[in-house]
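Colleague: Sequence:
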Amino acid sequence: MTITHASFVTLPVTDQDRALRFYTDVLGFEVVVDRQMPPGRWLQVAPKGAQTVFTLSGPDMGGFEPGSARGIMLVTTDVDADCARLVAAGTAVQGPDDVPWGRMASFTDPDGNGLMLLTEKEGF
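The opening position of the sequence shown corresponds to residue 3 in the numbering used here, with each subsequent residue numbered one higher.
To be clear, the hints were calculated from the coordinates, so they are not data collected in a lab.
Beta carbons are placed, not taken as given, at the ideal position from N, Cα and C, and that holds for glycine.
Any given hint might turn out to be false.
Claimed, not checked - Using 20 Å as the maximum straight-line C-alpha spacing, the simulated DMTMM-like pairs for lysine to aspartate or glutamate come out as follows:
| # | residue 1 | residue 2 |
| --- | --- | --- |
| 1 | Lys-50 | Glu-32 |
| 2 | Lys-50 | Glu-67 |
| 3 | Lys-50 | Asp-80 |
| 4 | Lys-123 | Asp-99 |
| 5 | Lys-50 | Glu-122 |
| 6 | Lys-123 | Asp-100 |
| 7 | Lys-50 | Asp-36 |
| 8 | Lys-123 | Asp-82 |
| 9 | Lys-123 | Asp-80 |
Unchecked claim - Label-pair distances were calculated between CB atoms; the ranges are:
| # | residue 1 | residue 2 | range |
| --- | --- | --- | --- |
| 10 | Ala-52 | Thr-4 | 15 to 25 Å |
| 11 | Pro-40 | Val-11 | 19 to 29 Å |
| 12 | Asp-99 | Gly-42 | 34 to 44 Å |
| 13 | His-7 | Asp-62 | 23 to 33 Å |
| 14 | Trp-103 | Arg-37 | 37 to 47 Å |
| 15 | Pro-40 | Gly-125 | 21 to 31 Å |
| 16 | Arg-72 | Val-35 | 18 to 28 Å |
| 17 | Arg-20 | Thr-54 | 16 to 26 Å |
| 18 | Asp-62 | Glu-124 | 37 to 47 Å |
Using the sequences plus the hints, can you model the full thing?
Modeller: As C-alpha cells, then:
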C-alpha cells in the first residue's frame, strides 16, 4: 500500500451557505474550493495548512444524509478556549473532559454532524 493521506471528508449539509458560515466564521476554517460543477456546488473548507479538507456536500451532491457524519476529530492546542468560542457563538458543547489521551469535547455543526475537539496529552 502506498496511501499517503486522506484527501477529503464529506460532511453532508442541507444549506451550504449556512454551513460555510459556521465552518469559516465559528471554526476559523478557510475556503479551499467553491465552484459550480454538475450536479451542484463543490464547496471545500479546511483549517489553515491542513492536508485533509472537508467537503460541505449539499443535497444535490451524492445523496448523502445531512447530519449523518460522526466521529470527526479536530486537534487543537487549546480545547478550553475553543469550547468557549463555540459556546459564545451559540453552539452547544459537551465537555471538555480529561481523557487518558488528552482533553476532549464534542459538538455538532448546524446540520447535526458530530465533531470532537482534542488537545492531545504530551507524549501520548
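Colleague: Holds or violated: Lys-50 with Asp-36, Cα cutoff 20 Å?
Modeller: holds (16 Å)
Colleague: Need the status of pair Lys-50, Asp-80: alpha-carbon distance at most 20 Å?
Modeller: holds (16 Å)
Colleague: Given a hinted range of 18 to 28 Å, is it respected by the beta-carbon distance of Arg-72 and Val-35?
Modeller: holds (24 Å)
Colleague: Is the hinted range of 37 to 47 Å satisfied by the C-beta distance from Trp-103 to Arg-37?
Modeller: holds (38 Å)
Colleague: CB of Pro-40 to CB of Val-11, is that within 19 to 29 Å?
Modeller: holds (22 Å)
Colleague: Cβ-Cβ distance between Ala-52 and Thr-4: within 15 to 25 Å?
Modeller: Roughly 21 Å apart at Cβ, these two residues keep to the hinted range, so it holds.
Colleague: For the range 34 to 44 Å, tell me whether the beta carbons of Asp-99 and Gly-42 fit it or not.
Modeller: Given about 38 Å between the Cβ atoms, the range holds.
Colleague: When you check the alpha-carbon spacing of Lys-50 and Glu-67, does it fall within 20 Å?
Modeller: violated (27 Å)
Colleague: Within 21 to 31 Å: is that where the Cβ-Cβ distance between Pro-40 and Gly-125 falls?
Modeller: violated (49 Å)
Colleague: Holds or violated: the 16 to 26 Å window for the beta-carbon distance between Arg-20 and Thr-54?
Modeller: holds (22 Å)
Colleague: Can the suggested window of 23 to 33 Å be confirmed for the beta-carbon pair His-7 and Asp-62?
Modeller: Hint holds: Cβ distance 28 Å, inside 23 to 33 Å.
Colleague: Just to be careful, I want the Cα atoms of Lys-123 and Asp-99 compared with a cutoff of 20 Å; is the pair within it?
Modeller: holds (12 Å)
Of the numbered hints listed earlier, those contradicted by the structure are 2 and 15.
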